[in-house]
Structures are given as C-alpha cells and as structure tokens.
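Asker: Starting from the given sequences, assemble the full structure and let the hints guide the process.
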Amino acid sequence: MFQRKFALTAVTVAAALAAGAVPAAVSAAGAAPDTGRQHRGPQVTTVRYGPFTIPAASGHDHGESGNRLSLNVQKPCDDCFITGFKPNLVYADGSNANVNTGPMLHHMVMGNHWRNDVVCNGPQRIFASGNERVESVLPSGYGIKVGRGERWNMLYDLMNHAPQNKTVYISVTYTHESATGSRLEPVTPIWMDAGGCLGSAYDAPEGVSERTRRWRSTISGTLVHMRGHLHHSGHSVRTENLTTGQLLCNVVAEEGGSPEFIDLHGHTEISDMPPCSGDSLGVIHRGDVLQITSRYEIDGHSHDDVMGIMAGWVARN
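Heads up: the sequence shown runs through residues -15 to 301, numbered per our numbering.
Note that these hints are calculated values from the structure, not bench results. Hints are supplied without guarantee of correctness; some may be wrong.
[Unchecked claim] Pairs of lysine to any residue residues, derived as SDA-like cross-links and limited to a Cα-Cα distance of at most 25 Å, are as follows:
| no. | residue 1 | residue 2 |
| --- | --- | --- |
| 1 | LYS70 | PRO26 |
| 2 | LYS129 | ARG300 |
| 3 | LYS70 | PRO147 |
| 4 | LYS70 | ASN96 |
| 5 | LYS129 | ASN84 |
| 6 | LYS129 | GLY191 |
| 7 | LYS129 | HIS269 |
| 8 | LYS70 | ASN56 |
| 9 | LYS129 | GLU119 |
| 10 | LYS129 | GLY50 |
| 11 | LYS129 | THR159 |
| 12 | LYS70 | HIS44 |
| 13 | LYS129 | ASN72 |
| 14 | LYS70 | TRP136 |
| 15 | LYS70 | GLY50 |
| 16 | LYS70 | ASP45 |
[As the list claims (entries may be wrong)] Across the chosen pairs, the derived CB separations fall in these ranges:
| no. | residue 1 | residue 2 | range |
| --- | --- | --- | --- |
| 17 | GLY43 | ASP187 | 38 to 44 Å |
| 18 | GLY191 | SER49 | 28 to 34 Å |
| 19 | ARG132 | ALA76 | 28 to 34 Å |
| 20 | THR227 | LEU248 | 43 to 49 Å |
| 21 | VAL267 | GLY133 | 31 to 37 Å |
| 22 | GLY133 | SER242 | 37 to 43 Å |
| 23 | GLY284 | PRO123 | 23 to 29 Å |
| 24 | ASN100 | SER264 | 23 to 29 Å |
| 25 | SER49 | GLY262 | 32 to 38 Å |
| 26 | GLU238 | GLY43 | 37 to 43 Å |
| 27 | ARG167 | SER286 | 47 to 53 Å |
| 28 | PRO258 | ALA76 | 26 to 32 Å |
| 29 | SER124 | ARG300 | 14 to 20 Å |
Glycine is no exception: its CB is placed at the ideal position from the N, C-alpha and C atoms.
Answerer: Written out as structure tokens, the structure is:
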C-alpha cells in the first residue's frame, strides 16, 4: 500500500495501545459519508482521517509521528463493495502534502479486527499504502466486501522533512456500490511480506540484494489485483507461484518521477509502483507455495528498515 512500517498483527496492535494510541478525529471532504443509506450504481466518497500534526525535522533527522493506531475509523459505506481506492496525504485546503514541502506518508494500513488475515492469522489487512500513493482499481466484476456494522482500524506513520511542524490529513477516495442486488464477486486480501509476519522491516546491504519469503496458500481462487510497496532505492518486488512456476505480478518502482517526490534536501522517494490487474493474474490452489522477492539496488551505503510488500486480492473458489 509499512513495523516500523508495519505488520498489523495482534502484537503490533497491543503495542500501539500500550503506547497510548487513541482514535483520531475523522472527517470527510464535505459532509461525512452516509453509511446508513445505500444508493444504486457506483459512488465516489472521499474520507479524510485526521488532522495529524507531525513534529518538525531537525537537520537531516526527520520528524515522525511513530506508529499510531486509530480505532473505529470512518468507512466509506456499509453493506457495500469497494471497487477502487486512491490514498493521499493532504493539507487542510486539499492540496497535496508531499516530501517537497516536508510531509511523507510513510504508511497507512486499514485493518478489520473481526476477520482473520489468511497469511499471518492476525487481524485482516484490507489495503495499505506508502508514500507512492498509487490508485488501485479492481477489474470489473469484483469488489472488497464491507459488512454492515463492520469496524475498521487504521495503523499509520507520518514523517516530516521540513523544519516546521506540519498538520495534514490522510485522504482516501473510494469507489463503491451497494451490496444489495449486486452481482460483484467478493475478493479476499492476501499480504505477501518479505519481512515476515512479525515485522515488515529489514536491513538491505549496499549493492544489489534480494530478500524472499514464502507462504503456503491456505485458500484457492483467482488472483485479480496486486500492488507493491518499497522504500528508497527499491528496484522491484514480485510474487510468483513456485508450485506452478507462474509469475503472478512484478512491480518495478519509479523514484523521483515528479518534483513532489524530491525532498527539501534533494533526495528522491518512490513515486510510482503500477499495480498488476486483470480477470486472472493467476490461479492459486490451497497448498501452492507463493514467494515474494524484494529487490534493492543501493549505491554507496546500506539501508536500515526497508520493506518489500505486495498486497493482493483473490476471488475464492
């Protein structure tokens, strides 16, 4: 979409609560979404989460909120299907808040503690994003089901490269439709993480390196969408089905693709990671071994606490 970035497991949630994380105030762009009344046909709802004030940077040391957990955050709808989402970080006036003016969306993860994650057996991670802020649109005929009364929590970490405090909002624009009478097929999220289930962060050495992690699938179905996340100097991340020999998705990162992704010290950040999407990226059977590979190409130094993550959505048989 993240530990220090994230693994949204019961361990992380308990640690966040112990550290004093509290629900953040939530507002929508305009009126708050009406989750009690559903409309026919596709709807677009933008929800703002916040405000959040990020401490100022000191020299080359960025300010950071640290991992924070907001409980029972706003959903765009109830008893519905989400068919697309576009994450962003914005100022109060709606303009983009990015590293060129200081703020960085280090990560945000939406989680559902009433459903289990099929990969790591903790709370289900619905979707996530880093500062790449890539839009995901599920292929026609599929949607992420949101149950009536379902509660979401949000894990987030925000950074600031500017020498002044910055107040921002996490903004997500959702495309969704009512589940009543819908013919959309529900999809189940899978979370492939090169760092593992207990913590997403790991250290990458200077030069070219790859980190892999395997998962024996507990579900069967068709993979229809997949998105990736890397840190600075990340080259690519891919997931393959070792059992069938099929490459399911390979995402190559773009860094510093526009001025917004160049910070105040002239350093670039990941600016694009185009998702893989289609009616069938590959078929997965229970027992198949899936492998994620995170690739970094680092010149002149090593990097601590990097990540290599791919979130996917499977239409189960």
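Asker: The hint says 37 to 43 Å between GLU238 and GLY43; measuring C-beta to C-beta, is that right?
Answerer: Violated: the Cβ-Cβ distance is about 28 Å, outside 37 to 43 Å.
Asker: For LYS129 and GLY191, compute the direct alpha-carbon distance and say whether it is at most 25 Å.
Answerer: Answer violated: LYS129 to GLY191 is near 42 Å, above 25 Å.
Asker: Just to be careful, I want the Cα atoms of LYS70 and ASN96 compared with a cutoff of 25 Å; is the pair within it?
Answerer: 19 Å, holds
Asker: For the pair ARG167 and SER286, does the Cβ-Cβ distance stay inside 47 to 53 Å?
Answerer: 51 Å, holds
Asker: Given the proposed pairing of LYS70 with GLY50, does the C-alpha separation stay at or below 25 Å?
Answerer: 23 Å, holds
Asker: Does the structure keep LYS129 and ASN84 at a Cα separation of 25 Å or less?
Answerer: 36 Å, violated
Asker: Lying within 43 to 49 Å: is that true of the beta-carbon distance THR227 to LEU248?
Answerer: 47 Å, holds
Asker: Return holds or violated for the Cβ distance of GLY191 and SER49 against the range 28 to 34 Å.
Answerer: 32 Å, holds
Asker: Mind checking the alpha carbons of LYS129 and GLY50 for me, to see if they're no more than 25 Å apart?
Answerer: 30 Å, violated
Asker: Please verify whether LYS129 and THR159 have alpha carbons no more than 25 Å apart.
Answerer: It holds: about 12 Å lies between the C-alpha atoms, which stays within 25 Å.
Asker: Starting from LYS70, check that the Cα of TRP136 is at most 25 Å away, please.
Answerer: The given pair, whose Cα atoms are some 17 Å apart, holds under the 25 Å limit.
Asker: Note whether the CB distance of ARG132 and ALA76 lies within 28 to 34 Å or breaks it.
Answerer: This hint holds: roughly 32 Å between Cβ atoms.
Hint compliance for this structure: hints 3, 5, 6, 10, 12, 16, 17, 23 and 26 are broken, all remaining hints hold.
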